[in-house]
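*Asks:* If you want the building blocks of each chain, they are given just below.
Number of protein chains: 2
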Amino acid sequence: MSEICEQIAKIIGADRVLTGADAAPYATDWTGQYTGAPLAVLRPANTAEVSEIMKIAHATGTPVVPVSGHTGLTGATLATDALVLSVDRLNSIDAIDVAGRTATVGAGVILSNLHDAADAHDLIFPLTFGARGSAMIGGVLSTNAGGSNVVRYGNTRDLCLGIEVVMADGRIMNLMSALHKDNSGLNLRHLMIGAEGTLGIITAAVMKLKPKPRAYATAMIALPSLDDALSLLHVMQDSTGGAVEAFEYMPRSYIDRHLAIMPGAKPPFEDSYDVNILIEIGATAAHDATPGANGQVPVVAQLEETLGAMLEQGRVLDAVIAQNQAQRAQMWQRREDAGEVMTRGTPFVNTDVAVPLDKVAAFERMITPRLKAIDPDCNEVIVSHLGDGNIHHTTYVSNSAPAAMKAMVAAVEDVVQELGGSFSAEHGVGISKLDTMRRRKDPVALDAMRAIKAALDPKNILNPGKVIPPADPAAQNF
Amino acid sequence: MSEICEQIAKIIGADRVLTGADAAPYATDWTGQYTGAPLAVLRPANTAEVSEIMKIAHATGTPVVPVSGHTGLTGATLATDALVLSVDRLNSIDAIDVAGRTATVGAGVILSNLHDAADAHDLIFPLTFGARGSAMIGGVLSTNAGGSNVVRYGNTRDLCLGIEVVMADGRIMNLMSALHKDNSGLNLRHLMIGAEGTLGIITAAVMKLKPKPRAYATAMIALPSLDDALSLLHVMQDSTGGAVEAFEYMPRSYIDRHLAIMPGAKPPFEDSYDVNILIEIGATAAHDATPGANGQVPVVAQLEETLGAMLEQGRVLDAVIAQNQAQRAQMWQRREDAGEVMTRGTPFVNTDVAVPLDKVAAFERMITPRLKAIDPDCNEVIVSHLGDGNIHHTTYVSNSAPAAMKAMVAAVEDVVQELGGSFSAEHGVGISKLDTMRRRKDPVALDAMRAIKAALDPKNILNPGKVIPPADPAAQNF
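Residue numbers (our numbering), protein chains in the order written: chain A, 1 to 478; chain B, 1 to 478.
Isolated chain A (complex conformation) (with noise of 0.2 angstroms):
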């Protein structure tokens, strides 16, 4: 063991510092594109410990790679002679305000635990997507993570109303308030959220907690053209006064394949479509819960009701309601099945990027040309959070020669461009993203980066070479 280990060892315990076999898991991310070579794993057990570990690596100048749940995609998490710092044992409810509506959580709390504890007070955390039994809030702030539901409840910046921060030197950043106004100063926490762990290492947070709705409305519904899904989605924002809780597309490629690859799964109709959706509509008024006289729950026969007029128009081909909680269940399982649809079988480039929501569809008239110029066998699947105008795109390629990888990434990020959008939607920038960021985004916000960083962690040891591509392209390390 290195110097440096056997002197944090003392603080946090031999057995929590983990070298050789019990270090391996911790060297390759979830996607199996990446693999570094830590220096060690270290497992502190509290803020206290997080501190003295970083002022170790502050005085001795060594790198620490911060790490919750490990499902990032973007390769933010790789270390290689670096120390990763695992919070999960920073894994305690502390408290849950229910007249506050607050949860404080330590941020090695995996995203389920939190969405159990909320139930529990007949509340929600309502930030959700399909690795919650393994991602952390950690992970989850410092990826400003989105999800399904964002379209109503927003990003997870959105859901935080403060954090506890270890900074580079090992000090410890208290900005854990409750409160819903506070303009003291300079908004470090949202600095700090989605900085990917480059400025700080995230130890605990307060966040909010919503009311439970009483009833959900839950749907599979073909429809002839996305702008029809689009007319779907306003009418229904409208006639429930914004309660849509999540707006999911699955093209007719993403279906396919999820028949193809998953064992068990099922069609979502008898007959095939180009269209499909998921809506949920979650009602949290009583009388919108409540079931009539006739049985029917007010909000579910609202959907119905839209729904049998679109297909008399023919603007609905198809439409299925859950009758009950497992008919719901497998709907949302289908869309959860994601991460093996979009990212299992090799080789495959993968993008997350956003645009304006009326121009999804643009979206897929235009990509599909650009990339069969570049490889004419390969594959796309795509699946949406329609309602932010989020695009999950994979090409599964024939040719995974790097450059035709690159280009391809190229292509799709130019029709975003083209489009007005982002070439990074929800998963972060991690390494993945870092060629990306020096072409495209704004070279003045670039340099401004580049300073906070250099101001915040002037020794560079937090998740360095991460997020920020260097000034100089040939300083960049991935």
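Any given hint might turn out to be false.
Put simply, identical chains are the same to the list, so a pair is met inside one copy or across any two.
What the hints assert, rightly or not - Listed next, the in silico DMTMM-like pairs over lysine to aspartate or glutamate satisfying Cα-Cα at most 20 angstroms (straight line): (1) Lys212 / Asp158; (2) Lys266 / Asp318; (3) Lys208 / Asp158; (4) Lys208 / Asp358; (5) Lys10 / Glu52; (6) Lys210 / Asp97.
Think of the hints as simulated: they come from the structure by calculation, not from any bench.
Given chain A, work out where chain B should sit, using these hints.
*Replies:* Chain B only, in chain A's frame:
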């Protein structure tokens, strides 16, 4: 005219460089508490001119104080030996995207003009407060302004998707995204919002628009206690699915002073009460807003029903529901006279604090004896965005000695701190809360703010000395 001003006059025109009597209106703030002596007032026409001015300021090390509507309450735009840069001519509304529900606006657009522009498309820009006829988007963003319907729509930062910023060296940073998901590096938008012009000059923005409520239920309600008021808030949030737009607390002290100083003011009820609430609910869903067979609007009927039940239980003492737009406007006028009620009549000590929702009553109980101990003849006035726990507290003092005034502020802030609140809720820091920032803000956070300020404005020319107290108290100018 100084050499620098002559140089700038060549770029923006001599008639846009104000000095002497022309500059005088910019020397003193709206409250009359702060008077400076600007070198000149500059009125550039567009972002390019702002950029050129900053290049000259940067080259010569000349301080620049940005100003827009000049309605701030904290002395943030006080300028002595500095150029005042007014963005009031950057006042065009460049686009209203109805489908995407965004507005692209210059920093000089007056808030109420944006309200009108949105209204023409049956949309709203929800942020609103008394000074909306003068306040401009640049200042609204720079202070992360709050106002009366934060409880439903959030603060300014929650309503902003993109910004354009001129940096200290004159370079233009383009973050004019209209996307709902964009995780491309450090979030510089949120850092600039609320920075009060210390990190850059916001010149344009993309703001969110929201569907216009189809009907409002607005009422003045007298209750036995603040606990009953909070019960009412929760019940109404519950029964409307979160459609409470405003929940404003006006205690007896406010009502009495309003009647005393505002010509033509009328009392809300025949009797007078301690706890008076203005509630407004906005119904966006058709089924909540469309009058039923009996001619009643459902959202109004819901409010009436709730109030009726609480009246019977003795938990509501009196209530008046607005029957038309004129009555609604009158109810709002009483609240919007707050600027006058809270800051006309000197000397006074004014604070803008936030506590957890259920601690407002405790604040009231705790603060009075402490203030009376300092100044037995003082008079308190309170008005509160109760739905956010945001309290505006003014003490009209008999002893205006600086030490006594400071002791009054400290007394309020002590109580706030004891209750887990913030000394700065929505007005910002400016110079009025520099001492408080030094005493009460987390010291690690203060150091981080100083490092960021030095990184982005190394010559310290952007609104120098505001917001962030220097590490050395002797270096503090204000």
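*Asks:* How do Lys210 and Asp97 come out at 20 angstroms by Cα distance, when the copy is not named: within, between, both, or neither?
*Replies:* Intra 11 angstroms, inter 30 angstroms, cutoff 20 angstroms: intra-copy only.
*Asks:* If the cutoff is 20 angstroms on CA atoms, where do Lys10 and Glu52 land: within, between, both or neither? Let me know, please.
*Replies:* Within one copy only: 11 angstroms inside a chain, 57 angstroms across chains, cut-off 20 angstroms.
*Asks:* If the cutoff is 20 angstroms on CA atoms, where do Lys208 and Asp158 land: within, between, both or neither? Let me know, please.
*Replies:* Intra 9 angstroms, inter 15 angstroms, cutoff 20 angstroms: intra and inter.
*Asks:* Regarding Lys266 and Asp318, is the shortest C-alpha distance of 20 angstroms or less found within a copy, between copies, in both, or in neither?
*Replies:* The answer is within: 16 angstroms in one copy meets 20 angstroms, while 59 angstroms across copies does not.
*Asks:* Can you give me the call for Lys208 and Asp358, within, between, both or neither, at a CA distance of at most 20 angstroms?
*Replies:* between (30 angstroms within a copy, 16 angstroms between copies)
*Asks:* Under a CA distance limit of 20 angstroms, which applies to Lys212 and Asp158: within one copy, between copies, both, or neither?
*Replies:* within (17 angstroms within a copy, 22 angstroms between copies)
Violation of the numbered hints given earlier is absent; every hint is satisfied by the structure.
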